[in-house]
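Protein chains: 2
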Amino acid sequence: MNVDIGNALAREADPGVAEASLERLDERVGRAHDRIEGGIDDREFGYASLALPADADVEAIRAAVAGFDPAAVLTVGIGGSALGAETVTAALGLEGHHTLDNVDPAETARLLEALPLEETLVNVVSRSGTTAETLANFLVVRDAMEAAGVDWTDRTVVTTGDSGPLAELAERHDLPTCPVPDGVPGRFSVLSTVGLLPAAALGGDVEGVLSGGAAGRAALSPSLFDCPAYAYGAVAYALEQRGATTNVVMPYVESLEPFAEWFAQLWAESLGKDGLGQTPARTLGATDQHSQLQLYRAGRRDTLVTLLRPRERPDRPIPEPDAGELSYLDGSTLGELIDAEFEATEASLAVSGVPNVRIEFDRLDAESVGRLLYDMEAACVLAGELLEVPTFTQPAVEWGKRAARGMLDGDAEAAEAAAEKTTLRVRDRP
Amino acid sequence: MNVDIGNALAREADPGVAEASLERLDERVGRAHDRIEGGIDDREFGYASLALPADADVEAIRAAVAGFDPAAVLTVGIGGSALGAETVTAALGLEGHHTLDNVDPAETARLLEALPLEETLVNVVSRSGTTAETLANFLVVRDAMEAAGVDWTDRTVVTTGDSGPLAELAERHDLPTCPVPDGVPGRFSVLSTVGLLPAAALGGDVEGVLSGGAAGRAALSPSLFDCPAYAYGAVAYALEQRGATTNVVMPYVESLEPFAEWFAQLWAESLGKDGLGQTPARTLGATDQHSQLQLYRAGRRDTLVTLLRPRERPDRPIPEPDAGELSYLDGSTLGELIDAEFEATEASLAVSGVPNVRIEFDRLDAESVGRLLYDMEAACVLAGELLEVPTFTQPAVEWGKRAARGMLDGDAEAAEAAAEKTTLRVRDRP
Numbered sequence: 132m133n134v135d136i137g138n139a140l141a142r143e144a145d146p147g148v149a150e151a152s153l154e155r156l157d158e159r160v161g162r163a164h165d166r167i168e169g170g171i172d173d174r175e176f177g178y179a180s181l182a183l184p185a186d187a188d189v190e191a192i193r194a195a196v197a198g199f200d201p202a203a204v205l206t207v208g209i210g211g212s213a214l215g216a217e218t219v220t221a222a223l224g225l226e227g228h229h230t231l232d233n234v235d236p237a238e239t240a241r242l243l244e245a246l247p248l249e250e251t252l253v254n255v256v257s258r259s260g261t262t263a264e265t266l267a268n269f270l271v272v273r274d275a276m277e278a279a280g281v282d283w284t285d286r287t288v289v290t291t292g293d294s295g296p297l298a299e300l301a302e303r304h305d306l307p308t309c310p311v312p313d314g315v316p317g318r319f320s321v322l323s324t325v326g327l328l329p330a331a332a333l334g335g336d337v338e339g340v341l342s343g344g345a346a347g348r349a350a351l352s353p354s355l356f357d358c359p360a361y362a363y364g365a366v367a368y369a370l371e372q373r374g375a376t377t378n379v380v381m382p383y384v385e386s387l388e389p390f391a392e393w394f395a396q397l398w399a400e401s402l403g404k405d406g407l408g409q410t411p412a413r414t415l416g417a418t419d420q421h422s423q424l425q426l427y428r429a430g431r432r433d434t435l436v437t438l439l440r441p442r443e444r445p446d447r448p449i450p451e452p453d454a455g456e457l458s459y460l461d462g463s464t465l466g467e468l469i470d471a472e473f474e475a476t477e478a479s480l481a482v483s484g485v486p487n488v489r490i491e492f493d494r495l496d497a498e499s500v501g502r503l504l505y506d507m508e509a510a511c512v513l514a515g516e517l518l519e520v521p522t523f524t525q526p527a528v529e530w531g532k533r534a535a536r537g538m539l540d541g542d543a544e545a546a547e548a549a550a551e552k553t554t555l556r557v558r559d560r561p
Numbered sequence: 132m133n134v135d136i137g138n139a140l141a142r143e144a145d146p147g148v149a150e151a152s153l154e155r156l157d158e159r160v161g162r163a164h165d166r167i168e169g170g171i172d173d174r175e176f177g178y179a180s181l182a183l184p185a186d187a188d189v190e191a192i193r194a195a196v197a198g199f200d201p202a203a204v205l206t207v208g209i210g211g212s213a214l215g216a217e218t219v220t221a222a223l224g225l226e227g228h229h230t231l232d233n234v235d236p237a238e239t240a241r242l243l244e245a246l247p248l249e250e251t252l253v254n255v256v257s258r259s260g261t262t263a264e265t266l267a268n269f270l271v272v273r274d275a276m277e278a279a280g281v282d283w284t285d286r287t288v289v290t291t292g293d294s295g296p297l298a299e300l301a302e303r304h305d306l307p308t309c310p311v312p313d314g315v316p317g318r319f320s321v322l323s324t325v326g327l328l329p330a331a332a333l334g335g336d337v338e339g340v341l342s343g344g345a346a347g348r349a350a351l352s353p354s355l356f357d358c359p360a361y362a363y364g365a366v367a368y369a370l371e372q373r374g375a376t377t378n379v380v381m382p383y384v385e386s387l388e389p390f391a392e393w394f395a396q397l398w399a400e401s402l403g404k405d406g407l408g409q410t411p412a413r414t415l416g417a418t419d420q421h422s423q424l425q426l427y428r429a430g431r432r433d434t435l436v437t438l439l440r441p442r443e444r445p446d447r448p449i450p451e452p453d454a455g456e457l458s459y460l461d462g463s464t465l466g467e468l469i470d471a472e473f474e475a476t477e478a479s480l481a482v483s484g485v486p487n488v489r490i491e492f493d494r495l496d497a498e499s500v501g502r503l504l505y506d507m508e509a510a511c512v513l514a515g516e517l518l519e520v521p522t523f524t525q526p527a528v529e530w531g532k533r534a535a536r537g538m539l540d541g542d543a544e545a546a547e548a549a550a551e552k553t554t555l556r557v558r559d560r561p
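Chains as they are written, first to last, in our numbering: chain A, 132 to 561; chain B, 132 to 561.
Chain A on its own, in the form it takes in the complex (with noise of 0.2 Å):
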């Protein structure tokens, strides 16, 4: 993997950052890095998250799918304990892992009436246990199984924390078990037994990931400029400060869509406290570019675009036309031509002074997956050491989870805050 971070600097981008000012920067990523390392070498919370690819419970995620050899993986979790799954089976292009991480009633109906429940792995996941939205799927997936006369015992693997009430209903029904890692934030799961189950159990290469997140970890270096992963987390960091508030991340390759979702949640989670932080844009190239680039372009100068491809990929060649005026696709590949609009988006970019960063790797494989996963994790990490911020805390979440609860089982605070809302309300004219 390498990171490019030309087209930030002051010379071509407005906000961009002076070489000057990354080369003093680079002082604090180095104390930064001694921070990190110190924190991994002591397993400390969030920080063990770092240490993950050679921490991964690789035997009990085996363990837990011996036996199993289903159509379809059924993941029951939301946020952290989904996204992460979801971001490897994508990446690696395998196909039938589903997820379960909402409460529509509309939209659990149409899954579970889609999915062949006799040859499907329900894959549950909370590490307290508790989750009402997990919690609330389960128990209709669990109902829909047995309705279809299906055991959902012999179908069921649980990854949760040591006691509550997933762990205690696994003991009842003696269910395989997966272990959550400790020390580790959801949102920076995706190299443990929570993100990596449902990909073992499709045939993926857990190892593989694995092996690419230990590679960024022996990359870790105390200067970003010999560091892709610093290099990014500290440029991110030096645009927010200068004015890009948001971040568009903008992968070339459709099975990176999740993990555009998985790095918001990463970026928004981590870095968006105390009145500081970057909004991650979750955007797909080519497509984008004819729905967004006219606004990065043109629009308030607050965005960073995070470009990303492989530089190699299975190609297609474009069938000869039979019109004259497309002769300029003649004798091309759908992959050129997609790495034409990379490279033009970019310039596009660069033309107008919008600060961008080109993120590249090899080809998709699992190494790279594993490595950019990884590489974004420890950005993550430098970006909040760099912004003070704490940077595996989510207490900003707390007060709705708590207030929903309290609406369902009537609690009076819950209720009278909801109900104390300002409104005006706009209607048709009678």
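Keep in mind that a hint or two might mislead.
Identical copies look the same in the list; a pair holds intra-copy or inter-copy alike.
[Claimed, not checked] Below 20 Å or equal to it, Euclidean Cα-Cα: the simulated EDC-like pairs (lysine to aspartate or glutamate) are:
1) K532 to E467
2) K552 to E491
3) K552 to E467
4) K532 to D461
Hint data in this document are derived by calculation from the structure and do not stem from the laboratory.
Since chain A is already given, all that's left is putting chain B on it; use the hints.
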């Protein structure tokens, strides 16, 4: 449909809009309304979009799809030629609509392998008939159908302008064609042949969608206090001017996920001009509470959150849990849970002073979908008037299109622009 802007008022939110400011702004809304009505009456470029519910050529759609009863529809188009159609079929719950809106060779191959080509209707959409991605994909699809022994000329409909390579091709092969509406930019074309053909081919109630659009047309009125669409557009504008430069669109219903993408194009490409505009962020409730809410509540104060939901929906009870700690779910439904989460999230944003707007409609049906789409277009046009930007053009995307084309046919200037890129590449230490 109604719009509740109470949580965007200055007494609740920061940034927020003082009620006195809204009163003053309403005079400008009245003048903008006159401008918009005049534009609609004269079918001026762009404004003609808001005449579409009445002007839409339903006969042409019905004629083009007559005789087809496809298992699947494959739309080959990009940007405004795909997003509207995706939005409508998803919102109506129609299964079987697929789109090729990128030129990723792997995804194209995957899709062509998954589709039953002999039962698929191919729907090629490009106003100019020269869009590189669309034409390249169509050539690939045609080739795949030939290879599968399917006569593509029997299963292809074309939506394009009066001239251009695609119109010529349609004539040469005697394909059914639909016209594109005059004076309507792609991102405003959802209530026309462009957005409605796939839904019609799959048996959707396109007349119902247009009737909802017509209700939106009838509801336009000179005051934001009497017109939901203008209330939304005016508040979004006022908040943009006060620093809410991100607009998070968060539907609490999965089948509106493509709607959020459609909205993102509408908002970004129409308003992202002259250094102004809001960055649309596409999200999904309740899922993204577990991904983005931390940032919205505690990050930079630059965000408007737009929450959408139906007031009623098909529901599903949550089966009785067998663990005591989950008893608060007892007797609830998935619908009650997602509604509790909606209200809890809204309240938690209000508690933090983050401006948010609630958009509600009775239920998700053809009429409400048409109404929602129309009202968001009208809101966007109003916001464009208030921002004084040229809402209906997208000049900043042209450079990149020319450059991509130039790279493919060896244009020296484009190649040079790309070659001149400033690089500062960070690799692993050797």
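Verification of the hints:
{"no.": "1", "hint": "K532 to E467", "in the structure": "between (47 Å within a copy, 14 Å between copies)"}
{"no.": "2", "hint": "K552 to E491", "in the structure": "between (48 Å within a copy, 15 Å between copies)"}
{"no.": "3", "hint": "K552 to E467", "in the structure": "between (54 Å within a copy, 19 Å between copies)"}
{"no.": "4", "hint": "K532 to D461", "in the structure": "between (56 Å within a copy, 17 Å between copies)"}
Every hint, counting from the list given before, is met by this structure.
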